[in-house]
Amino acid sequence: MLSEPRRLVVVPRPKLRLPRSRPPSGLPWILGVVLCFAVTWALLIPPWQSPDEIQHFAYAQTLVEDHALPGLAGRSATASSQAAADGAVGATRGAFAPAPAPPSWIPADAAAYDAAAPHMLRTDGGGPNPAQPNPPLFYAYSDIGYLLSGSASAFSQLDTMRLFSALLVVVNALGGWLLAGEALGRRRPAQLTAAAVCGLLPMETFIGASVNPDSLMVTLWTLALWMGTRVINRRAPVRDVIALCALTAAAILTKGTSYALVPPTVLAVAIGWWRRPRVERRQALLALLPAGLVLVVPVIGWLSVAHANGQAGVNSFVGGIHATSFNVRQFLSYVWQYYLPRLPWMYPFRVTGGLGVYDTWIREGIGDFGWLVVPLPKWVYMASAAVVGGLAVGAVAVVARIRNRLRLALVAFYGLAVISLFGGLHLYEYRSVIGGNGALLQGRYALPVVGVLATIIGLFVVRTPPRLRAAALGLVVVCLLGLQAISLSALIGAYYL
Amino acid sequence: MRRAWAPYAVLVLVLAVALTVFGLRQAPIRAYALGVPNQAPIVSANRSGPPVCEGPIDLGQRAGAVRIWAVSPRRTSRLRVIVRRASPGGLPVGPILASGTTAVTALPDPYTAQLNHPIAANVPVSICVASLATPIKLFGAQPVRPAVIIHVGRRSVGAEFSLVLLSAARPSLFGALGTVAERASLFHWSWMGPWAVWLLALSLIGAVVAGGIAVAQALTADDRDELP
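Chains A and B supply the protein sequences, listed in that same order.
The C-terminal position of the first sequence is numbered 497 in our numbering, with every residue numbered one higher than the one before it.
The C-terminal position of the second sequence is numbered 228 in our numbering, with every residue numbered one higher than the one before it.
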């Protein structure tokens, strides 16, 4: 007997569903905004009209054309192709005098350079260069743009390199978003605020879109602050500690200033490790120690290479004929007078016309473009000083009321990052001044901790009452857009009108 | 979503009004810049001696004022600027095309002399400077354009003084954007033209809209997260 044919039951095959990973609300849009401004800056800043861009371009060119670090004996700092381009556009001669000597507006000058460029040497530079103590990481990154430009024209190379720098501004904005998310919880208004501040502060867009190691350094610091926050929050997972050490190492390999990132990195790892249950600590320590190699080995490697090349590997001074020795009391007096009015018993020790905190950190930190020759209107600086002062007072008030140990740990981490950076910079400037080399701090040197500023502003936005939050967030973003508009107008007025 | 947009839209409107007012302000722009930085005093203009002349200058557009960088070391003085047609060698020849005066103080600064007639475009001219009182030092530097020569009388000087000619017209910032686009598009990729600068300007307008979307999305997400 034949059995009844079995009925085939077709079971619908379940559709393979991958988890949809949608970008967080608002993030792609704000990154798009930052990208638009960064690219605009990259193309509107006249060639080499950003601090030390002439030297940084020459360094990057030497790395790719000569496969060597700059400082080659018997060579000039810049190759013939760059020197000719510089002469054609008038970059060096106009660097400090854009009013009488703006970049050339004569099409014939540009055409003459373009015609001559293919015949110009790019391999005869690489001589002693003020940027040569810098480690090579940023220049190696920038060289991707140099190589991709596929052109003999130094202007094409510079443009493409700047576009690569502009991408770093976008990554910095992303870093701000991530940092605020980790520090304040995934509150989108706070994250959007932080991303906007990190990506739209005019000085950051200006320096970030230039060929300048600060562009990469600032981004790496923001990412390191985010990763340090993760390490503290999540009790030092090995993967995050490795990432934090790698970011710190990369920052050091970008610019010597980033040695200041080591103390907060160590603190973050120590706090994260300490927050683990007591029984885990011993085992965790054994797992975390090798992660330190990620930080130590590349730095020692760079210092060895620099030493073999007869270079210091970090910026150093040669004392002038009026050099004096280090004096702790004098140093403290200098720092005091940088931030506060001089007390009657103090000897005058001022390196700027007014208070350094205003002249350098506020003025130049908000925006002073070109070779610090294109300032913003004075009222912008005054308003910015009032805002920064208000934020500082507000931040102190908030911190004073924190009782949660984890939050206090985060405050200690950010505080140490700020103190370490500013302390190192002041030490550096003080040594320069007593060595007879003069003042050297510039506002852009404060940008590595822009993530902390951005997080503070983000905190205030989410602490506003819900009915006012839309206005607070809108105000921050519109103020940044307004600052961008004023800054770009200043740039256009100085160089093109 | 609409509520989240509103404050941002209002603030953008305020910003747009402020920028429009700023952008409609009219001011002369640089019609010509020799490109010589004001590094140091390089030549002195005296009352008794021959005028200091620099040329030939080829203007791309009409100019209505001359700006130089100068100082009157002893006390405030007056400077006369005379524009004459130039020979190919830079010597001032022919009739006076325009002239103007300005005070010069003991402060090394840029000083602008308004001309009584605009200088026509595409006419090679020589800019002559003479003091009407105490000697005036003109700032400049090494020559940038070999064709342009300073003459004191018939004697040439191996330097150039900083010189800018301002346009006769007073365009608004918006009105000058075409000039900006032309100037800013030089010395870039060979394929880049003024259109690229206009494109950047458009992208910035788009960025303002994108900023609004970002704000609205972030606020909406925040409201959603705060729901019990």
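There could be a bad hint or two in this list.
[What the hints assert, rightly or not] Selected chain A positions facing chain B (Cβ under 10 Å, derived; list incomplete):
{"id": "1", "residue": "32"}
{"id": "2", "residue": "104"}
{"id": "3", "residue": "388"}
Calculated from the structure, these hints are not laboratory results.
In this text the structure is predicted, and so the values were computed from the model without any measurement.
The C-beta atom is built at its ideal place from N, Cα and C for all residues, glycine as well.
Each hint, compared with the structure:
1. Interface hint status for residue 32(A): upheld, as the beta-carbon distance to the closest one in chain B is roughly 5 Å, under 10 Å.
2. Checking residue 104(A) against chain B by beta carbon gives a least distance of about 6 Å; that is within 10 Å, so the hint holds.
3. At about 21 Å, the closest approach between the beta carbon of residue 388(A) and any beta carbon in chain B exceeds 10 Å, and the interface hint on this residue is violated.
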